[in-house]
Amino acid sequence: MKIDAKNPVVEFHDLTVSYHKKPVLWNIDMTLPQGALIGIIGPNGAGKSTLIKAAMGLLPLASGYVRMFNESLDEVRHKVSYVPQRETVDWDFPTSVIDVVMMGRYSKLGLLTRPRKADKEMAMNCLRKVGMEAYTDRQISQLSGGQQQRVFLARALAQEADLYFMDEPFAGVDAATEAAILAIMQEMTASGKTVIVVHHDLQSAAEFFDWIVLLNMRLVASGPIEKVFTNKMLQETYGGKLTVLAEVGELVRKRQMPSREKY
Amino acid sequence: METFKEFFSFSDPSIVSVVVGAILLTASSAVVGTFTFLKKKALVGDAVAHSVLPGICLAFILSGTKNPIWMILGAFLTGWISLVIIDHITTKSKIKEDTAIALILSVFFGIGILMLTNIQHSGNPAQTGLDSFLFGKAAALVGQDLIVFGIVAVILIITVALFFKELKLIAFDSNYAKALGLPVKALDLLLTSLTVLAVVTGIQAVGVVLMAAMLITPAAAARIWTNDVFKMTLIAAILGGISGLSGAYVSYVAPAMPTGPWIVIIISVIAIVSFFIAPKRGIFARSIQQRKLQRLIMDENLLKELYHLGEKDEDPYKGRTVDEIIEERFFPKKKLKIALMRLKRQGFLEKKQGYWSYTEAGKIKGQRVVKLHRLWELYLSKYMKIAPDHVHEDAETVEHIITPELEARLEKMLEYPEFDPHEEKIPY
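Protein sequences appear in the order of chains U and X.
Quick note: the first sequence uses this note's numbering, first residue 1, plus one each step.
Quick note: the second sequence uses this note's numbering, first residue 1, plus one each step.
The hints are simulated quantities; they were obtained by calculation from the structure and are not laboratory data.
Please read these numbers as outputs of a predicted model, since none were measured by experiment.
Here a beta-carbon is modelled for each residue, glycine too, at the ideal position from N, C-alpha and C.
Heads up, a few of these hints could be off.
[Unchecked claim] On the chain X side, residues computed to face chain U include the following (Cβ under 8 angstroms):
id, residue
1, ALA100
2, PHE172
3, ASP173
4, TYR176
5, LYS178
6, GLY181
7, ARG223
[Said to hold, decoys possible] Derived pair list, reagent style DSS-like, types lysine-lysine, alpha-carbon separation capped at 25 angstroms:
id, chain 1, residue 1, chain 2, residue 2
8, X, LYS231, U, LYS22
9, U, LYS21, X, LYS185
10, U, LYS117, X, LYS231
11, U, LYS21, X, LYS178
12, U, LYS120, U, LYS79
13, X, LYS178, U, LYS108
14, X, LYS318, X, LYS292
15, X, LYS335, U, LYS108
16, X, LYS185, U, LYS79
17, X, LYS351, U, LYS22
18, X, LYS335, U, LYS22
19, X, LYS178, U, LYS120
[Stated by the list, open to error] Anything over 10 angstroms on all C-beta distances counts as not near chain X; from chain U, calculated:
id, residue
20, PRO8
21, GLN34
22, ASP90
23, ASP99
24, TYR135
25, GLY146
26, SER191
27, GLU226
28, GLY239
Let's have the full structure, built from the sequences with the hints guiding it.
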């Protein structure tokens with residue numbers, strides 16, 4: 001089931017993504033609405049993170065394209081922000097909380113320029129928004145999981161973007177952090193920004209999001225939560241492993257076939 | 001001693017140039033090495049260092065001179081080729097990066113040695129001293145060599161300074177850098193080029209065999225001293241410079257001796273000493289912290305047992321003998337006596353005719369530990385549904401770490417309970 005967004009901010013067009021020639025996402029085709037809190041839901045290995053990584057240009061596309069604000073990503077990069085999974089970085093890296101948040105300003109600064117006073121103040125504001133101002137100069141290895149997630153969120157906020165892709169921002173955080181992050185997201189969407197979140201917990205998904213994308217190697221459904229978040233759809237997403245699709249993917253890998261024929 | 005004075009008075013201008021050169025080269029490779037280290041590419045540095053040898057030999061064969069510019073070009077070429085091949089093998093085959101590095105390192109170094117031996121037997125008189133590229137010869141850093149290598153070293157340092165924030169970001173989170181739209185590929189390329197150049201400039205002083213140590217060891221040592229990339233880079237440069245200076249000295253005192261091994265030994269000693277004495281992250285600092293913690297646990301346990309004794313005969317301030325305490329709970333006698341003395345010194349206990357008793361402050365402290373122990377036991381059995389006979393062990397640890405804030409929260413949550421799960425009174 002696929003419902004098109006009225007005022008789309010992101011468009012996935014026939015997107016296929018492969019890892020080492022093995023397709024992990026097949027023919028994703030959907031549009032996502034502006035100003036919504038959007039949850040990408042699906043079982044482990046469904047390709048949720050892959051989808052937003054592909055959208056951010058971090059993975060090569062086997063076919064299809066992604067457009068944001070009706071442009072290609074490179075044209076509108078300053079309006080798009082990305083929050084990677086917390087575990088993807090080494091938190092023992094020798095740097096402080098404020099320095100990490102400052103990284104969100106780098107795209108505005110450009111090469112060779114040093115952060116200005118205004119950037120530092122902006123970074124401080126973002127830290128305050130996520131309730132981490134008391135940790136400004138703290139070494140990042142001393143943070144708890146929830147605090148690390150807040151710092152990543154602050155870094156994304158410092159970009160002052162209009163569209164946010166967040167990879168599992170609720171993973172491994174305490175209840176207080178979860179509530180704080182959700183409140184910030186709701187505030188963002190209320191002011192017209194779009195927040196797309198990879199999420200794995202079905203129970204909270206029902207409470208958090210306005211728009212749901214159900215994913216399991218292919219697009220199962222995309223639409224407003226009240227239409228899409230149904231038992232039938234969830235069963236289609238989670239129930240019955242997609243054995244045929246997975247097997248064909250494996251075959252493609254073994255034969256080293258290109259997933260799209262090129263002439 | 002004479003030579004020491006002579007050397008460090010810097011009266012001889014050639015000494016000054018060798019010293020400046022050696023410091024500049026080692027410091028610049030340490031600066032670049034900081035980022036190689038942070039990107040966890042230490043082995044790659046080693047591969048490059050070994051792979052520049054065939055390039056140097058090739059440059060000599062083609063040009064027939066030991067002109068440093070030719071040497072740098074040759075070294076840069078093969079150093080680069082080795083990295084390209086490693087990258088290609090890793091991405092295009094099932095061979096993992098460590099295997100690819102080992103393969104390329106040995107192949108290139110093997111070819112290099114082969115060429116070097118060939119040149120040495122060719123009878124070309126210009127080749128003398130070429131073998132100093134293997135293990136380094138700081139004293140040879142004079143004239144044109146010094147100028148060329150020195151310029152490259154300065155360029156390295158300036159480039160790192162200019163791209164500092166970008167290099168830091170790609171080392172920490174390169175996916176995010178890509179998402180920001182930074183030219184991550186170009187920056188990676190830049191860092192690789194810097195690494196190759198750092199190796200190339202360092203080989204005159206340190207030699208190809210040990211050059212990787214000059215990239216990585218100063219950074220590893222500096223990491224222990226600080227938690228900030230900028231300070232880390234500075235400290236690495238200083239430590240590298242110190243080892244370069246001492247290498248120059250060795251080269252001056254014993255011209256026949258290769259300087260590379262000396263420089264590497266010195267920087268390694270600095271690193272090892274750092275591992276021990278650095279504040280916070282150093283081994284000594286950590287063991288001192290451990291000792292402090294053990295002492296705290298001992299003291300609190302002792303005060304707690306005195307409280308237990310006081311509970312039994314309803315007189316918390318009654319004097320106790322050492323044996324009485326041990327009967328209540330076993331402590332090694334020697335440790336117990338030391339702890340008693342310590343607590344007396346701190347004003348928590350008094351001693352009268354062999355009897356130990358609480359001071360006011362001691363009783364408050366002992367009572368608090370008992371309270372925390374029992375509160376935690378109650379919390380575990382009430383909220384965690386753990387059987388009352390299983391909660392004691394946990395409480396033994398937790399009683400020492402609960403902060404006053406947590407204490408207040410526990411009290412409130414449990415509504416100032418009167419008894420713990422073993423029907424023992426919780427003292428307030």
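Going down the list of hints, with the structure as the test:
1. ALA100: With a minimum Cβ separation of about 17 angstroms from chain U (threshold 8 angstroms), the hint on X/ALA100 is violated.
2. PHE172: 5 angstroms, holds
3. ASP173: Since the shortest Cβ distance to chain U is 5 angstroms, the answer is holds.
4. TYR176: 6 angstroms, holds
5. LYS178: This hint holds: X/LYS178 lies near chain U, its Cβ roughly 6 angstroms from the closest one there, short of 8 angstroms.
6. GLY181: 4 angstroms, holds
7. ARG223: Status holds, d = 7 angstroms.
8. X/LYS231 <-> U/LYS22: 44 angstroms, violated
9. U/LYS21 <-> X/LYS185: 22 angstroms, holds
10. U/LYS117 <-> X/LYS231: 21 angstroms, holds
11. U/LYS21 <-> X/LYS178: 22 angstroms, holds
12. U/LYS120 <-> U/LYS79: Holds, because 20 angstroms separates the two Cα atoms, which is no more than 25 angstroms.
13. X/LYS178 <-> U/LYS108: 14 angstroms, holds
14. X/LYS318 <-> X/LYS292: Cα-Cα ~29 angstroms, so violated.
15. X/LYS335 <-> U/LYS108: 61 angstroms, violated
16. X/LYS185 <-> U/LYS79: Satisfied, since the Cα-Cα distance of roughly 22 angstroms is no more than 25 angstroms.
17. X/LYS351 <-> U/LYS22: Not OK: X/LYS351 and U/LYS22 at ~78 angstroms, beyond 25 angstroms, violated.
18. X/LYS335 <-> U/LYS22: Roughly 64 angstroms between the alpha carbons, so the hint for X/LYS335 and U/LYS22 is violated.
19. X/LYS178 <-> U/LYS120: With Cα atoms ~22 angstroms apart, X/LYS178 and U/LYS120 stay inside 25 angstroms; holds.
20. PRO8: With a cut-off of 10 angstroms, U/PRO8 remains clear of chain X, as the shortest Cβ separation is near 21 angstroms.
21. GLN34: At roughly 20 angstroms from the nearest Cβ of chain X, U/GLN34 sits farther out than 10 angstroms, so the non-interface label holds.
22. ASP90: 7 angstroms, violated
23. ASP99: 8 angstroms, violated
24. TYR135: The assertion about U/TYR135 holds, with a minimum of 14 angstroms to chain X.
25. GLY146: Check passes; 17 angstroms lies beyond 10 angstroms.
26. SER191: Since the minimum Cβ distance to chain X is about 22 angstroms, U/SER191 lies beyond 10 angstroms and the statement holds.
27. GLU226: 32 angstroms, holds
28. GLY239: 33 angstroms, holds
Of the hints listed earlier, those the structure fails to meet are numbers 1, 8, 14, 15, 17, 18, 22, 23, in rising order.
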